[in-house]
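We have chain A; now place chain B onto it with these hints.
So you can see what is in the structure, the chains are spelled out below.
There are 2 protein chains.
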Amino acid sequence: MTTLGILGGGQLARMLALAAAPLGVRCRVLEPSPLAVAGHVAELVVGDYADPAALQTFAKGLDVVTFEFENVPAQATDWLQQHVPVAPPPRALAVGQDRIAEKTLFRHLGMLVPEFRAASTCAELHAAVAAVGAPCVVKTRRLGYDGKGQVRLHSGPDLPARIDAAFAELDDPRHGGLIVEAFVPFTRELSVIAVRGAAGAVAVYPLVENHHEGGILRRSHAPAPGLAPGLQRDAVQFATALLEHLDYRGVLAVELFECQGRLLANEMAPRVHNSGHWTIEGSVCSQFENHVRAVAGLPLGSTAMAQPAATMVNLIGELPSRRALLALPGVHVHAYGKAGRAGRKVGHATVVGSERAAVDAAAAAVLALGPGSAAEWGFVG
Amino acid sequence: MTTLGILGGGQLARMLALAAAPLGVRCRVLEPSPLAVAGHVAELVVGDYADPAALQTFAKGLDVVTFEFENVPAQATDWLQQHVPVAPPPRALAVGQDRIAEKTLFRHLGMLVPEFRAASTCAELHAAVAAVGAPCVVKTRRLGYDGKGQVRLHSGPDLPARIDAAFAELDDPRHGGLIVEAFVPFTRELSVIAVRGAAGAVAVYPLVENHHEGGILRRSHAPAPGLAPGLQRDAVQFATALLEHLDYRGVLAVELFECQGRLLANEMAPRVHNSGHWTIEGSVCSQFENHVRAVAGLPLGSTAMAQPAATMVNLIGELPSRRALLALPGVHVHAYGKAGRAGRKVGHATVVGSERAAVDAAAAAVLALGPGSAAEWGFVG
Chain A
52 MTTLGILGGG
62 QLARMLALAA
72 APLGVRCRVL
82 EPSPLAVAGH
92 VAELVVGDYA
102 DPAALQTFAK
112 GLDVVTFEFE
122 NVPAQATDWL
132 QQHVPVAPPP
142 RALAVGQDRI
152 AEKTLFRHLG
162 MLVPEFRAAS
172 TCAELHAAVA
182 AVGAPCVVKT
192 RRLGYDGKGQ
202 VRLHSGPDLP
212 ARIDAAFAEL
222 DDPRHGGLIV
232 EAFVPFTREL
242 SVIAVRGAAG
252 AVAVYPLVEN
262 HHEGGILRRS
272 HAPAPGLAPG
282 LQRDAVQFAT
292 ALLEHLDYRG
302 VLAVELFECQ
312 GRLLANEMAP
322 RVHNSGHWTI
332 EGSVCSQFEN
342 HVRAVAGLPL
352 GSTAMAQPAA
362 TMVNLIGELP
372 SRRALLALPG
382 VHVHAYGKAG
392 RAGRKVGHAT
402 VVGSERAAVD
412 AAAAAVLALG
422 PGSAAEWGFV
432 G
Chain B
52 MTTLGILGGG
62 QLARMLALAA
72 APLGVRCRVL
82 EPSPLAVAGH
92 VAELVVGDYA
102 DPAALQTFAK
112 GLDVVTFEFE
122 NVPAQATDWL
132 QQHVPVAPPP
142 RALAVGQDRI
152 AEKTLFRHLG
162 MLVPEFRAAS
172 TCAELHAAVA
182 AVGAPCVVKT
192 RRLGYDGKGQ
202 VRLHSGPDLP
212 ARIDAAFAEL
222 DDPRHGGLIV
232 EAFVPFTREL
242 SVIAVRGAAG
252 AVAVYPLVEN
262 HHEGGILRRS
272 HAPAPGLAPG
282 LQRDAVQFAT
292 ALLEHLDYRG
302 VLAVELFECQ
312 GRLLANEMAP
322 RVHNSGHWTI
332 EGSVCSQFEN
342 HVRAVAGLPL
352 GSTAMAQPAA
362 TMVNLIGELP
372 SRRALLALPG
382 VHVHAYGKAG
392 RAGRKVGHAT
402 VVGSERAAVD
412 AAAAAVLALG
422 PGSAAEWGFV
432 G
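These protein sequence lines map, in sequence, to chains A and B. Read in order, the letters of the first sequence are residues 52 to 432 in my numbering. Read in order, the letters of the second sequence are residues 52 to 432 in my numbering.
Just chain A, with the same shape it has in the complex:
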């Protein structure tokens, strides 16, 4: 029996555990909250990621450790690596936690990236904005999640004052300074999800088209409709180079822009990714199962689509009526077991089919549902 440890006990860990069981892999999660939703379907160790006692309890008897989020404290990975194999490699975490290192690596691997400059002081921020040019986006170099910790700047007479304000808002020693990125007039946002196994085999899912609302992913369409054939090839080539460069094991996602018929790499996530949730029903082997296979040293599964079209809709803030949602024909529901809260991802729904139009119509029916009653689902925490 392989036992897999997962740092973090949210919905990604929960879906990893659900995918792991049929492979004969048991999961144990470490999470500060006793309400961690992965604990419904896996063993739960409640504790802080940086607490040696909690890590010791968590690590006992594990065959391998992985994580569901990228901001894992270095103390945790440092300690764990001395006791149990960790995958993906913490080096990939380090790159993913630093927007400068990330974009530098992307460029090194031959990938286009939006123009960028680092800035640690307010004066450097002014210089960086001047070098990159407005419009541009100022972000913290580290952390930042779902659109938080970002300020967009446009040209105009008040630009210097806005730069000062952005610095005041975003400067925080914990975030390692700032980065200015050129605003890319992209046609659409795409992402690629790829997996690398223990023996170095790489498999890549079809490129997905993503739509955000309020900085949060709302819909993903797979495969990205009307994609020029060369772009999937470019994405596979880049993802493969990135996985090999990092000597990666597991699933990795890269968010991309399509701009004037070319791909630009925006950022990577060294983990299973929200834009890959459609793979549970939409592909032969889901991103969750392939991540488990990869980190457990098992052969990878096929990343081919199970049906010609899939659309995933995030359920944000609160779930719709359970009855209404489950009554929609052909809609696959994934409730995460979490209580509702503004902006929180509390579930997703996936539709697969042979026709893009029919799939999108069914997905639109999900989006059209009104909010449900909290009592009907009754999740707490």
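Don't read these hints as lab results, they were simulated from the structure.
Covered by chain A, per the in silico footprint, the following chain B stretches (three or more residues, Cβ under 8 Å):
hint, segment
1, 68 to 77
2, 91 to 103
3, 350 to 363
4, 370 to 379
5, 418 to 430
If you only want the chain B side, here are some residues facing chain A, beta carbon under 8 Å, derived:
hint, residue
6, VAL335
7, ARG344
8, VAL384
9, HIS385
10, ALA386
11, GLY388
From the three backbone atoms N, C-alpha and C, an ideal C-beta is built for every residue, glycine too.
Coordinates of chain B only, in the frame set by chain A:
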């Protein structure tokens, strides 16, 4: 949050729990063994089904109780019904536990059944065999699982002696006497899996063709290849009548014979069924998800196939090599987390696709795998 209790913690409860989580339904299982494999993905209460203290711990806070096996002690259902809704109704358990009541009901509902007679004494057994005619099968009226507790009788000079021997072998007061069934020269074995929801809606999966080895299900093919169109209609009509007659809620399976172009009903199982495991990948909504939906009072999902063809292969005795199994393209693996033992169902594999021949070829590759090493999977218990 709906919390579902399941009596029994084997692979059926495990697959129910895996299907329940995405619906926001948590599961708790009651099982005498602390090694119960459903306990890997659900809360486990270790205790005997007839122990009031265990039942009390188990039932606390549950919204509904179901079961993964049909031989639930009446004490358990009697106690539980006073404290929490139980589905399917214990009346269906009672019918399913008694081959005479079962076949009598089938006939009452207009279904063909193999000729049968009850027998409680050796003299009655001789008379019953004479009435039914050899060849015939003698079975215990109650219990009996996977071909155990059966003796086949052929005509010949030693038939009276063989009847005496069959009585000596099978007579056991716990089994409520014997039943003699005519041996049916069937073309093939089929099964139908149907589900009835809280509001009385019924949905039926396509008929499946089943192949047994040594009395244990080995392969199921969905839909049953080359089926005459009227037979699916007949099966739907019968299953619907049966579900309505029993005021049933949940999934029910009926094993059938196809004989001279007609269906005969053999026996029913008031639960999710091994011949329906293909529905996890092969249908839009699996038998496990539909059972959870039905007993939790939620709308039913579609029983339509997700692809035109599916084949399920049972993994019996021991699992094949994990690496070899997972390296087979497009094969969906379900290991149950159980240690190997002769005749034990330790997992299954499902292949789905657009062409029957290709699906069967992939399933044959699973069957051709040699046994794996116990250490590779490492399950205990």
